[in-house]
Amino acid sequence: MNPNKYIPTLVAFTLLMTHFSMSLAFGDEFSLEESRLILSQVDNLVSYEGKDFSGEYTITDIRPGEGTSRTKMTMFRRDSVVSYTIIIMEPQSDKGKGYLRQGDKLWLYDPIPRRFTVISARDRFQNSNARNTDFTKSTLAEDYRIVGHSTGQLGAYKTDIYDLEAITDDVSFPKMKIWIDQDKLVRKFEDYSLSGRHMRTTAIPKYTRLQESYVPVQIVIQDEVRGRELNGKFEHQRTVISVEKASFMDIPDMVFTQAYIERVSR
Amino acid sequence: MTALISTALRNFFRNIKRYRVLLMALVLITAVLTIVLAVVLGMRTALYEKASRYFAGNIVVMAYNGNGASRIEKPEEVLQSIRQLDPLGVAVRCFSRRSTYYDLNNIELFFSGYYVKQRRIVGVEWDLESPVLSKFDFIEGSVPDAGDEEAVLISSATANQLHIAVGDKLLVSILSDLGHINTADLIVRGIFSESSFFGYQTYIHRYTLNRLREAPVERVNEMGVYLVNPISDEERVAELLTREMGKFLPVFVIMKSREQYTAQASKLRDEREYGVVSISAQLKEIEDLMGAITLIASVVILMFLGIVVVGVSNTFTMIVWERSREVGTLRALGMQRPRVIFSFLIEALFLGMSGVSLGMLLGIGVLEIVRSAVSFPPNVVSTLFFTQARLPWVLPVWGVFLISGLVAGASILGSLQASLRAGRLSPAEALRRGK
Numbered sequence: 043m044n045p046n047k048y049i050p051t052l053v054a055f056t057l058l059m060t061h062f063s064m065s066l067a068f069g070d071e072f073s074l075e076e077s078r079l080i081l082s083q084v085d086n087l088v089s090y091e092g093k094d095f096s097g098e099y100t101i102t103d104i105r106p107g108e109g110t111s112r113t114k115m116t117m118f119r120r121d122s123v124v125s126y127t128i129i130i131m132e133p134q135s136d137k138g139k140g141y142l143r144q145g146d147k148l149w150l151y152d153p154i155p156r157r158f159t160v161i162s163a164r165d166r167f168q169n170s171n172a173r174n175t176d177f178t179k180s181t182l183a184e185d186y187r188i189v190g191h192s193t194g195q196l197g198a199y200k201t202d203i204y205d206l207e208a209i210t211d212d213v214s215f216p217k218m219k220i221w222i223d224q225d226k227l228v229r230k231f232e233d234y235s236l237s238g239r240h241m242r243t244t245a246i247p248k249y250t251r252l253q254e255s256y257v258p259v260q261i262v263i264q265d266e267v268r269g270r271e272l273n274g275k276f277e278h279q280r281t282v283i284s285v286e287k288a289s290f291m292d293i294p295d296m297v298f299t300q301a302y303i304e305r306v307s308r
Numbered sequence: 002m003t004a005l006i007s008t009a010l011r012n013f014f015r016n017i018k019r020y021r022v023l024l025m026a027l028v029l030i031t032a033v034l035t036i037v038l039a040v041v042l043g044m045r046t047a048l049y050e051k052a053s054r055y056f057a058g059n060i061v062v063m064a065y066n067g068n069g070a071s072r073i074e075k076p077e078e079v080l081q082s083i084r085q086l087d088p089l090g091v092a093v094r095c096f097s098r099r100s101t102y103y104d105l106n107n108i109e110l111f112f113s114g115y116y117v118k119q120r121r122i123v124g125v126e127w128d129l130e131s132p133v134l135s136k137f138d139f140i141e142g143s144v145p146d147a148g149d150e151e152a153v154l155i156s157s158a159t160a161n162q163l164h165i166a167v168g169d170k171l172l173v174s175i176l177s178d179l180g181h182i183n184t185a186d187l188i189v190r191g192i193f194s195e196s197s198f199f200g201y202q203t204y205i206h207r208y209t210l211n212r213l214r215e216a217p218v219e220r221v222n223e224m225g226v227y228l229v230n231p232i233s234d235e236e237r238v239a240e241l242l243t244r245e246m247g248k249f250l251p252v253f254v255i256m257k258s259r260e261q262y263t264a265q266a267s268k269l270r271d272e273r274e275y276g277v278v279s280i281s282a283q284l285k286e287i288e289d290l291m292g293a294i295t296l297i298a299s300v301v302i303l304m305f306l307g308i309v310v311v312g313v314s315n316t317f318t319m320i321v322w323e324r325s326r327e328v329g330t331l332r333a334l335g336m337q338r339p340r341v342i343f344s345f346l347i348e349a350l351f352l353g354m355s356g357v358s359l360g361m362l363l364g365i366g367v368l369e370i371v372r373s374a375v376s377f378p379p380n381v382v383s384t385l386f387f388t389q390a391r392l393p394w395v396l397p398v399w400g401v402f403l404i405s406g407l408v409a410g411a412s413i414l415g416s417l418q419a420s421l422r423a424g425r426l427s428p429a430e431a432l433r434r435g436k
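Same order as they appear, the protein sequences are chains A and B.
Mapping of the first sequence onto this note's numbering: position 255 corresponds to residue 297, and the numbering continues sequentially without gaps.
Mapping of the second sequence onto this note's numbering: position 217 corresponds to residue 218, and the numbering continues sequentially without gaps.
I should point out that these hints are in silico values taken from the structure, not numbers from a laboratory.
Yeah, the Cβ is synthetic: ideal placement off N, Cα and C, and Gly gets one too.
A couple of the hints might just be wrong.
[Claimed, not checked] Far from chain B, by Cβ distances over 10 Å, these chain A residues were calculated:
(1) I104
(2) S122
(3) K137
(4) D165
(5) H191
(6) E254
(7) S289
[Said to hold, decoys possible] Rough simulated footprint, nothing fancy, chain B against chain A, three-plus residues with beta-carbon under 8 Å:
(8) 214-222
(9) 236-247
(10) 261-269
[Said to hold, decoys possible] Ranges between beta-carbon positions, derived for each pair:
(11) A:L272 x B:S373: 39 to 47 Å
(12) A:V124 x B:E151: 49 to 57 Å
(13) A:R156 x B:S373: 54 to 62 Å
(14) B:D186 x A:T100: 32 to 40 Å
(15) A:R156 x B:E151: 43 to 51 Å
(16) B:K268 x A:R156: 32 to 40 Å
(17) B:K118 x A:R156: 22 to 30 Å
(18) A:R270 x B:R273: 42 to 50 Å
(19) B:R120 x A:M296: 38 to 46 Å
(20) B:H164 x A:S162: 28 to 36 Å
Whenever a hint applies, use it, and build me the whole structure from the sequences.
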């Protein structure tokens, strides 16, 4: 092994980190490489490459003045091939519906006509404030670049606050603001429209550590444009997602197929 | 001839008591005819007005290259072609230059926490289409000023769902052409009542819509021509405009049905080609419905006219019988048979024309009273066929002539047999019968 061959890489990395530190210190703009470096650290903690993930999700949709609905579902996720399978367990009216994602393709299975329909990843999930993209692995580093940075206190957490701008057209929101704690975990993010309108806020108060990764076990999504004024106070529509029985146990390949969804939906 | 007419006129007034019942029947028939024809034409005109506003004009120019979406890349050439219509004798009301956005899932309007989805949002130039947009059934507000890029016009159904009023700030959200969620805060300048048939579309400035779409601000998707006489001119103008555009641009055949329209939109082409579609092609189903209504109305009218013919025939048979002595005297004094026949026919014509005149006055009076006094509640029929919740009616000159011809014709036809019989009477027989 020749240690000299690593010297150029080490120098490049040191220069990059120095430049990055200077940028943070003096508020310079971030280069694409710097953005990728920071955001990939964030992505890596909540992406489960090389292992399968499963969990039971409860989605509570709170619509002020209209009522609350609850959806229970089982999620199977394989980040290495950007796939997931979701089977709806509750409510009874939606029981048996399934979502299958394979790369860029996403289908919704309806057990009544027994038909798969192609849907958009940007669509709302079960008419809640969550979107279909929210259940796939985190790809901040691929989709966004950092265009601004500050620091701030978010409850008990000291956070770095990054302003992000989309670099691909595959994302729902072209602008974001994220709050990252000292453990590099996203604690909050705000989604903005292209014109800068604040559309959605997501808070992740609880993570659970599983092997070397983190699983967000409570997510609160607040719609900034939907809601009702009740008793003189504006109440936003909210969606609370709780995750239980999170596991990294291997999942058979056939779970990520249409045949599986059809079978379990019977 | 003048003597014959004056004799017939004198006889008509002399026998007016005999004609009274028949005259009343003719007046009523004419009034019904007038009302039916004027309302059917009025509803058709109102429908064309609404449809043309929805589709960008009575004749709309599209340009396709095969991806299904229309984009006018050479609006100046299209405009030049439209301007050629005037010297060709076409009465053009105004023209449109629109950007259109259609999306089943991604057009959302928000106000104060309330939200509603729309299928279509249209970018217009307020000043260009003002003559047409001002005919909206505005519940509140009006057409925005020419350069008002913050303005939005919404339907009353949308306003009710959003609990929004004129002057409030509306948030419009769409998915841009590049796939980004984009929003704009716009001010509601007008709320109009519109039929659900046209899908409650929202109108904003063309530049604003293009900015929301992340498209070049000057982009035009379709251009339209609003005609002064759409029903009669449409077909001719479609041909003229296609011919004029053909001088500058590659054109395809006139789209005469929705099937042709869909086929042309998806047909693959080497370069973008231009074509026109008319409102009647877009409104095939409604045209069929209107055709059915017109057919039923025509059958009813023909039945009425049949009754008129029988009534006039019976009355004239009686009149000729009662006036046999008078006919005999005139014949004895040397009046020829044809003059006797014409004398009765002219009397029947006077009867018919009197019925037409009074009946039209009655019909128009009833229509005008209903139009000005009755405001119909919004429903499927009233929003689609009525104007500003009022019964629309139109009675063109040809309609007046048609009704006059039908009623006077029925009157003459009814009197024909009795008149011929009067003409066949010999003076001796007539004088004997009259004793």
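Against chain B, does A:E254 hold up as non-interface, every C-beta pair farther apart than 10 Å? holds (34 Å)
At least three residues with a C-beta closer than 8 Å to a C-beta of chain B: is that true for the segment 214-222 of chain A? This one holds; 3 residues, not fewer than the three required, reach chain B with a Cβ under 8 Å.
So is A:D165 really clear of chain B, every C-beta pair being over 10 Å apart? About 7 Å separates A:D165 from the closest Cβ of chain B, which leaves it inside 10 Å; violated.
Using the beta carbons of B:D186 and A:T100, state whether their distance is inside 32 to 40 Å or not. This hint holds: roughly 36 Å between Cβ atoms.
Examine the segment 236-247 of chain A: at least three residues should have C-beta closer than 8 Å to a C-beta of chain B. holds (count 4)
Reported absence of A:S122 from the contact zone with chain B (all CB gaps over 10 Å): Holds: least Cβ distance 25 Å, greater than 10 Å.
Beyond 10 Å from every Cβ of chain B: is that where the Cβ of A:I104 lies? holds (13 Å)
In terms of Cβ atoms, is chain B entirely out of 10 Å range of A:H191? Holds, since 23 Å exceeds 10 Å.
Looking only at beta-carbon atoms, does the pair B:R120, A:M296 fall within the given range of 38 to 46 Å? Because 39 Å falls inside the window, the suggested range holds.
Is the hinted range of 42 to 50 Å satisfied by the C-beta distance from A:R270 to B:R273? The hint (42 to 50 Å, Cβ to Cβ) holds, given that A:R270 and B:R273 are roughly 47 Å apart.
Claimed coverage, the segment 261-269 of chain A by chain B - three or more beta carbons nearer than 8 Å: holds (count 3)
C-beta pair B:K268, A:R156: status relative to the range 32 to 40 Å that was hinted: Given range 32 to 40 Å: holds, Cβ gap about 35 Å.
In the structure shown, a violation is registered for the earlier hints numbered 4, 12, in ascending order.
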